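**Q** From first to last, the protein sequence lines are chains A and B.
So the first sequence is numbered by our numbering: it starts at 1 and just counts up by one.
So the second sequence is numbered by our numbering: it starts at 326 and just counts up by one.
For the record, the hints were derived by calculation from the structure and aren't laboratory data.
No experiment lies behind these values; they were computed from the predicted model shown.
Heads up, some of the hints might be wrong.
Unchecked claim - Residues of chain A clear of chain B, computed beta-carbon distances all greater than 10 Å:
no.	residue
1	39
2	70
3	201
4	233
5	290
Stated by the list, open to error - Chain B side only, calculated, beta carbon under 10 Å to chain A, not exhaustive:
no.	residue
6	441
7	444
8	445
9	513
10	520
Unchecked claim - No farther apart than 27 Å at their CA atoms in a straight line, the calculated lysine-lysine pairs in the DSS-like style are these:
no.	chain 1	residue 1	chain 2	residue 2
11	B	331	A	297
12	B	558	A	130
13	A	189	B	606
14	B	622	A	256
15	B	331	B	362
16	A	95	A	45
17	A	281	B	558
18	B	499	A	174
19	A	297	B	397
20	A	130	B	578
Just so it is clear, CB atoms sit at the ideal spot from N, CA and C, and this is done for glycine as well.
Spelled out, the chains give:
There are 2 protein chains.
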Amino acid sequence: MASKPKILTASSDPRCPEISADYADIMEQHFEIIHHKLFEQHPSKYQDIVAIIWICGPDIDEELLNKLPNVKIVATVSVGYDHLNIPLIRNRGIKLSHTPGVLNDAVAEMGLTLLLASARNLVRFAEEYKRGTYSEQVPVNDVTPQFSGSTLGIVGMGRIGYTLATRAMAFQVKILYNDILRRSTAEEKAIGATYFSNLNGMLPHCDFVIVLVNLTPETTPIMGEEQFKHMKKSAILVNCSRGPTVDQEALVKALKAGEIGGAALDVTTPEPLPNNHELFKMSNVILTPHISYQTRKASNGMMQLAVDNVLAALDGTDLLSEIPY
Amino acid sequence: MASKPKILTASSDPRCPEISADYADIMEQHFEIIHHKLFEQHPSKYQDIVAIIWICGPDIDEELLNKLPNVKIVATVSVGYDHLNIPLIRNRGIKLSHTPGVLNDAVAEMGLTLLLASARNLVRFAEEYKRGTYSEQVPVNDVTPQFSGSTLGIVGMGRIGYTLATRAMAFQVKILYNDILRRSTAEEKAIGATYFSNLNGMLPHCDFVIVLVNLTPETTPIMGEEQFKHMKKSAILVNCSRGPTVDQEALVKALKAGEIGGAALDVTTPEPLPNNHELFKMSNVILTPHISYQTRKASNGMMQLAVDNVLAALDGTDLLSEIPY
Numbered sequence: 001m002a003s004k005p006k007i008l009t010a011s012s013d014p015r016c017p018e019i020s021a022d023y024a025d026i027m028e029q030h031f032e033i034i035h036h037k038l039f040e041q042h043p044s045k046y047q048d049i050v051a052i053i054w055i056c057g058p059d060i061d062e063e064l065l066n067k068l069p070n071v072k073i074v075a076t077v078s079v080g081y082d083h084l085n086i087p088l089i090r091n092r093g094i095k096l097s098h099t100p101g102v103l104n105d106a107v108a109e110m111g112l113t114l115l116l117a118s119a120r121n122l123v124r125f126a127e128e129y130k131r132g133t134y135s136e137q138v139p140v141n142d143v144t145p146q147f148s149g150s151t152l153g154i155v156g157m158g159r160i161g162y163t164l165a166t167r168a169m170a171f172q173v174k175i176l177y178n179d180i181l182r183r184s185t186a187e188e189k190a191i192g193a194t195y196f197s198n199l200n201g202m203l204p205h206c207d208f209v210i211v212l213v214n215l216t217p218e219t220t221p222i223m224g225e226e227q228f229k230h231m232k233k234s235a236i237l238v239n240c241s242r243g244p245t246v247d248q249e250a251l252v253k254a255l256k257a258g259e260i261g262g263a264a265l266d267v268t269t270p271e272p273l274p275n276n277h278e279l280f281k282m283s284n285v286i287l288t289p290h291i292s293y294q295t296r297k298a299s300n301g302m303m304q305l306a307v308d309n310v311l312a313a314l315d316g317t318d319l320l321s322e323i324p325y
Numbered sequence: 326m327a328s329k330p331k332i333l334t335a336s337s338d339p340r341c342p343e344i345s346a347d348y349a350d351i352m353e354q355h356f357e358i359i360h361h362k363l364f365e366q367h368p369s370k371y372q373d374i375v376a377i378i379w380i381c382g383p384d385i386d387e388e389l390l391n392k393l394p395n396v397k398i399v400a401t402v403s404v405g406y407d408h409l410n411i412p413l414i415r416n417r418g419i420k421l422s423h424t425p426g427v428l429n430d431a432v433a434e435m436g437l438t439l440l441l442a443s444a445r446n447l448v449r450f451a452e453e454y455k456r457g458t459y460s461e462q463v464p465v466n467d468v469t470p471q472f473s474g475s476t477l478g479i480v481g482m483g484r485i486g487y488t489l490a491t492r493a494m495a496f497q498v499k500i501l502y503n504d505i506l507r508r509s510t511a512e513e514k515a516i517g518a519t520y521f522s523n524l525n526g527m528l529p530h531c532d533f534v535i536v537l538v539n540l541t542p543e544t545t546p547i548m549g550e551e552q553f554k555h556m557k558k559s560a561i562l563v564n565c566s567r568g569p570t571v572d573q574e575a576l577v578k579a580l581k582a583g584e585i586g587g588a589a590l591d592v593t594t595p596e597p598l599p600n601n602h603e604l605f606k607m608s609n610v611i612l613t614p615h616i617s618y619q620t621r622k623a624s625n626g627m628m629q630l631a632v633d634n635v636l637a638a639l640d641g642t643d644l645l646s647e648i649p650y
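Looking at chain A on its own, in the form it has when it is part of the complex:
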């Protein structure tokens, strides 16, 4: 029996956790895994490595590529690829793939989870209940906002924004959205959405605002001091995109000044956020450690897509999800 092709991947890197058993299982269906740490000990032993699967490492620089003359593809297990030196890799004739699409459901679901949890003060109630705040009496008069029937502003109506909108619709939510690109009339109608070319014009109508834009120079940040001033005092901001899309200092000021009602952030600047940060002290803020894509289903789906891209590259067929030129 022929041995399996070898792929290089990272583990035990200080910034990179152990490769999960799920990930190893998916890779080992087709490949022999060479961990970066092992590779570094005897690089010349592994000249037959044919692909790199990037999880949260290894760093791919000229020195590494010089030691790997037979690599056909770098497959990153991520949607973003700003961690890769694309020209360096492409100039050597190495293909590049990423894993878009697979995590739409998971991220859209996390967006809804944070919208609902912040509407209903879920984390605060759970914490206070555990602490004994309600040991005498349930908090009958502590009424909360309601997501159902509210008005939701979606900042960034890409694939994830659209998936989220189809779900928010079921809560009889009025959907407004802002994006550079406008959706077709049919697509707008299907989710009952109203387009605003001007973000500041949309914000005053919204009970909830969720940021789902890509991180680009134009969206760094897209929500700042000016935008918070346009929001309702009761409105809640949710961010499931990337930390720098929200001006975090301006957000803290807006929350302290009561200019907005609350926030739920799966992404921050930096990540992880130091746990002495003042956002952790605000009872109207929910913080989660960038877990929006982190369901078993989405996570394994990304790895499977990376593996399928490597198989395609080795077969010489079209990649399933090549990084755009």
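Fit chain B to the supplied structure of chain A, relying on the hints for placement.
**A** Just chain B, lined up with the frame of chain A:
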């Protein structure tokens, strides 16, 4: 100008919080509020009270009714009415109303909130993040279940169950349900639901199970030791009905034995649950202090319906929501 009719309601009762400003505003549109404590000081001064609006008091017994010869209606601001001595009140020709329907949206929304939050381990991640567990690194390998695309079992497909199902549908969830009554084929089709006359036959298929039955002798409890044994080891139980529908001791055992994957409970036995209870120590359990109906919208909607019932009784027209005979 004629003075407003007087109504009796409770406040400052040790078991009953102050009446909220929202509630007072709604009642004072039409009535003069006489607080029970004030009434007790000079009962004879308030013979012209025409209605009792029950919030979480007063206790309505023979002695109280003897002091209130002109009461036409007892309007309870609640869906349940097991706290009222119905025959005693009706025998005096006093009408009785409650407030069903108004809180369907809020309770169904809380059900979805708990389903999503427990799927994504939201409360645990938020707590651990705040505590500093992820101060070095975000928890990349800590993958969670996903609600989207899962199989949901709804125990009790009444108004709230059906509202919840329409929302769960948007998450591409497969819906199974158990109830004494089967929905019409058209209703089942509209939510893509499959009926199980036998609860134990449904449970093995479910990734999530939510209890939304009324509390009756038959449902006390409906989920017990036997049912937990039929559930998947990974399945999550959510209860948004009443505490006694779930056998809490059996639930604790099932969680400890790993027979089920987790639970999210807005209702418990007793309420509030003492904060030294072992359920509070389980990281796969979310507990909230009976807040499912507690949005401003639902809460004010209930009070408005109670007031409208009182106005109907004083006008001699049909009540909007009479307690059934």
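**Q** If a hint holds in the structure, say so; if it does not, say that too.
**A** Results of checking the hints against the structure:
With a minimum CB-CB distance of about 21 Å to chain B, residue 39 of chain A clears the 10 Å threshold, and the non-interface call stands. At roughly 29 Å from the closest C-beta of chain B, the C-beta of residue 70 of chain A stays outside 10 Å, upholding its exclusion from the interface. Against chain B, the non-interface label of residue 201 of chain A holds: every CB pair exceeds 10 Å, the least being about 26 Å. For residue 233 of chain A, the shortest C-beta to C-beta distance to chain B comes to about 15 Å, beyond the 10 Å cut-off, and the non-interface label holds.
Under the 10 Å C-beta cut-off, the non-interface status given to residue 290 of chain A relative to chain B is violated; the minimum distance is some 5 Å. The beta carbon of residue 441 of chain B comes within 4 Å of a beta carbon in chain A, closer than 10 Å, and the hint placing it at the interface holds. Taken as an interface hint, residue 444 of chain B checks out: its beta carbon lies about 8 Å from the nearest beta carbon of chain A, inside 10 Å. Checking residue 445 of chain B against chain A: minimum C-beta separation of about 5 Å stays under 10 Å; hint holds.
For residue 513 of chain B, the shortest C-beta to C-beta distance to chain A is roughly 17 Å, which exceeds 10 Å, and the interface hint is violated. This hint is violated: residue 520 of chain B has a C-beta 21 Å from the nearest C-beta of chain A, more than the 10 Å allowed. Between the alpha carbons of residue 331 of chain B and residue 297 of chain A the distance comes to roughly 60 Å, so the proposed pair goes past 27 Å and is violated. Restraint check for residue 558 of chain B and residue 130 of chain A: the C-alpha separation of about 25 Å stays at or below 27 Å, so the hint holds.
Between residue 189 of chain A and residue 606 of chain B, the direct Cα distance comes to roughly 47 Å. Violation of the 27 Å bound is thereby established for this hinted pair. Of the pairs offered as hints, the one joining residue 622 of chain B and residue 256 of chain A holds, with about 26 Å between alpha carbons and a cut-off of 27 Å not exceeded. Distance check on the hinted pair: residue 331 of chain B and residue 362 of chain B sit about 15 Å apart at the alpha-carbon level, within 27 Å; holds. Annotation: proposed proximity of residue 95 of chain A to residue 45 of chain A holds, straight-line Cα distance about 23 Å (limit 27 Å).
Restraint check for residue 281 of chain A and residue 558 of chain B: the C-alpha separation of about 36 Å exceeds 27 Å, so the hint is violated. For the hint pairing residue 499 of chain B with residue 174 of chain A, the CA-to-CA distance comes to about 26 Å; that is within 27 Å, so the pair holds. The suggested pairing of residue 297 of chain A with residue 397 of chain B is violated, with an alpha-carbon distance near 59 Å, which exceeds 27 Å. At most 27 Å may separate the alpha-carbon atoms for a hinted pair to count; residue 130 of chain A and residue 578 of chain B meet this at roughly 20 Å.
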